[in-house]
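Since chain A is already given, all that's left is putting chain B on it; use the hints.
Number of protein chains: 2
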Amino acid sequence: MRDVAVIGVGITPFGELWNKSLRNLFTEAALAAIDDSGVDRIQSMYVGCMSSGLFVGQEHLAALAADYLGQRHIPSTRVESACASGGLAMRLGYMEVASGMNDVVLVGGVEKMTDSTGPEATFGLGTAADQEYECYHGITFPGLYALIARAHMEKYGTTREQLAMVAVKNHKNGANNPNAQYPFEITVDGVLKSVMIADPLRILDCSPITDGAAAAILCPVDMAKKLGKPIIKVIGTGHATDTIQLCDRDDPTWLEATYLAAKQAYAMADKKPSDIDFFEVHDCFTIAEICVMEALGLVDKGKGGPAVEAGKTAIEGKFPINPSGGLKSKGHPVGATGIAQVYEIVKQFRGEAEGRQVKNARIAMTQNMGGSGASTVTHIFERE
Amino acid sequence: MRDVAVIGVGITPFGELWNKSLRNLFTEAALAAIDDSGVDRIQSMYVGCMSSGLFVGQEHLAALAADYLGQRHIPSTRVESACASGGLAMRLGYMEVASGMNDVVLVGGVEKMTDSTGPEATFGLGTAADQEYECYHGITFPGLYALIARAHMEKYGTTREQLAMVAVKNHKNGANNPNAQYPFEITVDGVLKSVMIADPLRILDCSPITDGAAAAILCPVDMAKKLGKPIIKVIGTGHATDTIQLCDRDDPTWLEATYLAAKQAYAMADKKPSDIDFFEVHDCFTIAEICVMEALGLVDKGKGGPAVEAGKTAIEGKFPINPSGGLKSKGHPVGATGIAQVYEIVKQFRGEAEGRQVKNARIAMTQNMGGSGASTVTHIFERE
Numbered sequence: 001m002r003d004v005a006v007i008g009v010g011i012t013p014f015g016e017l018w019n020k021s022l023r024n025l026f027t028e029a030a031l032a033a034i035d036d037s038g039v040d041r042i043q044s045m046y047v048g049c050m051s052s053g054l055f056v057g058q059e060h061l062a063a064l065a066a067d068y069l070g071q072r073h074i075p076s077t078r079v080e081s082a083c084a085s086g087g088l089a090m091r092l093g094y095m096e097v098a099s100g101m102n103d104v105v106l107v108g109g110v111e112k113m114t115d116s117t118g119p120e121a122t123f124g125l126g127t128a129a130d131q132e133y134e135c136y137h138g139i140t141f142p143g144l145y146a147l148i149a150r151a152h153m154e155k156y157g158t159t160r161e162q163l164a165m166v167a168v169k170n171h172k173n174g175a176n177n178p179n180a181q182y183p184f185e186i187t188v189d190g191v192l193k194s195v196m197i198a199d200p201l202r203i204l205d206c207s208p209i210t211d212g213a214a215a216a217i218l219c220p221v222d223m224a225k226k227l228g229k230p231i232i233k234v235i236g237t238g239h240a241t242d243t244i245q246l247c248d249r250d251d252p253t254w255l256e257a258t259y260l261a262a263k264q265a266y267a268m269a270d271k272k273p274s275d276i277d278f279f280e281v282h283d284c285f286t287i288a289e290i291c292v293m294e295a296l297g298l299v300d301k302g303k304g305g306p307a308v309e310a311g312k313t314a315i316e317g318k319f320p321i322n323p324s325g326g327l328k329s330k331g332h333p334v335g336a337t338g339i340a341q342v343y344e345i346v347k348q349f350r351g352e353a354e355g356r357q358v359k360n361a362r363i364a365m366t367q368n369m370g371g372s373g374a375s376t377v378t379h380i381f382e383r384e
Numbered sequence: 001m002r003d004v005a006v007i008g009v010g011i012t013p014f015g016e017l018w019n020k021s022l023r024n025l026f027t028e029a030a031l032a033a034i035d036d037s038g039v040d041r042i043q044s045m046y047v048g049c050m051s052s053g054l055f056v057g058q059e060h061l062a063a064l065a066a067d068y069l070g071q072r073h074i075p076s077t078r079v080e081s082a083c084a085s086g087g088l089a090m091r092l093g094y095m096e097v098a099s100g101m102n103d104v105v106l107v108g109g110v111e112k113m114t115d116s117t118g119p120e121a122t123f124g125l126g127t128a129a130d131q132e133y134e135c136y137h138g139i140t141f142p143g144l145y146a147l148i149a150r151a152h153m154e155k156y157g158t159t160r161e162q163l164a165m166v167a168v169k170n171h172k173n174g175a176n177n178p179n180a181q182y183p184f185e186i187t188v189d190g191v192l193k194s195v196m197i198a199d200p201l202r203i204l205d206c207s208p209i210t211d212g213a214a215a216a217i218l219c220p221v222d223m224a225k226k227l228g229k230p231i232i233k234v235i236g237t238g239h240a241t242d243t244i245q246l247c248d249r250d251d252p253t254w255l256e257a258t259y260l261a262a263k264q265a266y267a268m269a270d271k272k273p274s275d276i277d278f279f280e281v282h283d284c285f286t287i288a289e290i291c292v293m294e295a296l297g298l299v300d301k302g303k304g305g306p307a308v309e310a311g312k313t314a315i316e317g318k319f320p321i322n323p324s325g326g327l328k329s330k331g332h333p334v335g336a337t338g339i340a341q342v343y344e345i346v347k348q349f350r351g352e353a354e355g356r357q358v359k360n361a362r363i364a365m366t367q368n369m370g371g372s373g374a375s376t377v378t379h380i381f382e383r384e
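Chains as they are written, first to last, in my numbering: chain A, 1 to 384; chain B, 1 to 384.
None of these hints come from the bench; they were simulated from the model. Careful, some of the hints might be misleading.
Claimed, not checked - Below, a list of computed lysine to aspartate or glutamate pairs in the EDC-like style, where the Cα atoms sit at most 16 Å apart:
#: 1; chain 1: B; residue 1: 225; chain 2: B; residue 2: 382
#: 2; chain 1: B; residue 1: 20; chain 2: A; residue 2: 132
#: 3; chain 1: A; residue 1: 20; chain 2: B; residue 2: 132
Stated by the list, open to error - Between beta-carbon pairs, the in silico distance windows are:
#: 4; chain 1: A; residue 1: 70; chain 2: B; residue 2: 190; range: 41 to 47 Å
#: 5; chain 1: B; residue 1: 267; chain 2: A; residue 2: 302; range: 42 to 48 Å
#: 6; chain 1: B; residue 1: 70; chain 2: A; residue 2: 227; range: 42 to 48 Å
Positions of the beta carbon are idealized from the N, C-alpha and C atoms, including for glycine.
For reference, chain A alone in the conformation it holds in the complex (with noise of 0.2 Å):
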């Protein structure tokens, strides 16, 4: 297996786009990408989307987005993990240089979701939850999270300000990321006396229903030497499933498959979690980012609540998450939030997140997530 680079990466602003539509912004995202990394052509490309088929009736999505990207012809992957199917565009490509089979692979994500009504959008979000045994009975994904939260409430005492801190956190970094879609501060007070939607969790507590898409350039860490690259290295990969139920696993706030695949791409990149100088994690809801933060090892269970509240997780803490402001500020157009992630931390290691850069960071993680947590797709980053 070869080494891999990632050596250019593009995105498009994040938000409510009703002049954009889903091949607008996957060719504006890809074409972004293709500039960055200064290459003339790609082999071969991945693109990661949940539902295109259930939010705007298209399917046969990768060869569609190959084509108005005017690649026609060159393999066009689709892949499908839920909100985790950017990040598995990412394994996928990263599989396909590591192993030779092409040198130049583009792998993007994309999602259109606000040609929907409300209710189809929260539809065609819980077919990533189990339609018959779980949906049928009417739950929505709010509501799954807030079982967790409840649960994770009841059983460490984590308390309802320290869920609000996170969005509080993520808020405050995604208010300097010029493509977020809530570029903007909130409060502690805010978040607790926001709208209620499936108590314990408010408004504040959701990520949003977004338009948007990322694409990034892989290719063999020797082609991007000698193209002049900043050496950006994938070091990690870890992908791992987990029970598609809530009901069914043993503790609903511990996210199995997201320490499972964290676990992977850590023995793969021979490094700890104290190795790792930030995070790019998948806080779809504010109880996400905690259970997160202790499935990847960074807490012991339970102590995800006073990590936030100590401020740990801050740009300038101890391990930084979601300098972006992650899904909840930025947005989260599902299939593209894994690829957004990347571009994050090509932008961080370059020395270019303005205003929300991580100090001296040379190491960084992706962790992806699909549904209550049945899937998740991690990376870790090398800048050498």
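What follows is chain B alone, placed relative to chain A:
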């Protein structure tokens, strides 16, 4: 890259299976493949499915499929390329084993289509075409292939009877396939008198709406030898795309993605069309099989119709096509089709294709196509 073998296959009956759900179908085929292979564990899996979202309201399919297969925690990836989703799962599984990333990989395909009403299924299938620029105008898949058929007839003199002969030949083969949806013979006269769908295509020119699943187990050839399994090697793979819209192609009768994907597979396998003992190809409509045989290089452009008429594609012909009965007689659960083709090749190589056996077959090729030809995946297999 390591040599890869297929060591086990499984399939469900194809048909209108109202008593089996999406997850039941996948699990049934996957367990059969695992059982057939003799391995006691798999390390990773790929699930090809076109649109579980639109057909049954379930995304995040790979995690769900792993869970219900009793394989929670392993990496599980869903891929989609419309009706070529199964072939794509095969290709990625091949890549994972060839690269050395994992040794024992399950590749499967599934589609549960008959829970939809007719119009819903037609809409779902239509999402393999360009929703904004083709479907918007009211065209459906029989309409797109009818345009191809009409152009082929005008340009090359292909006759209505020659189209019918494709269906007659495939039903003759499928009559001996115990898993076929329509295991009975039909006549040219029967096709010509069947209900008109989209002129010139009639109902008996069209593959049906089908529920079903298929799966295969891949591992390195070295491991297959240690397991004492018959060696069925993957010696070539190809994947290419074309314009999503039929009207964007210079010649609507020419399947460029099939031509390119076949060229890649032939080159990798170091084989030419005449070296291949039989083919399993994507006859979603009778005209498709004719265009495919031209793009695969079995006959010159425009000569597909006369080749069928001359019996060259029959089991005892010069280049047998679809001994399984093809999509027409066997059925076409879209995401499963590409893996069902692999199933047939393994059964033929093992001499287990009773009543439809191709004699002395050692080398065979699959061609699995998405939409009106915007994506194609090909594989070449060799029996040692």
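C-beta pair residue 70 (chain A), residue 190 (chain B): status relative to the range 41 to 47 Å that was hinted
46 Å, holds
Please work out if residue 20 (chain B) and residue 132 (chain A) have their alpha carbons no farther apart than 16 Å.
13 Å, holds
Mind checking the alpha carbons of residue 225 (chain B) and residue 382 (chain B) for me, to see if they're no more than 16 Å apart?
Given that 16 Å is the threshold and the Cα spacing comes to 15 Å, the pair holds.
16 Å limit on alpha-carbon distance, applied to hinted pair residue 20 (chain A) and residue 132 (chain B)
13 Å, holds
42 to 48 Å was suggested as the range; check whether the CB atoms of residue 267 (chain B) and residue 302 (chain A) agree with it.
57 Å Cβ-Cβ, so the 42 to 48 Å window is violated.
Holds or violated: 42 to 48 Å for the Cβ distance of residue 70 (chain B) and residue 227 (chain A)?
The hint (42 to 48 Å, Cβ to Cβ) holds, given that residue 70 (chain B) and residue 227 (chain A) are roughly 46 Å apart.
In this structure, only the earlier hint numbered 5 is contradicted, and the remaining ones agree with it.
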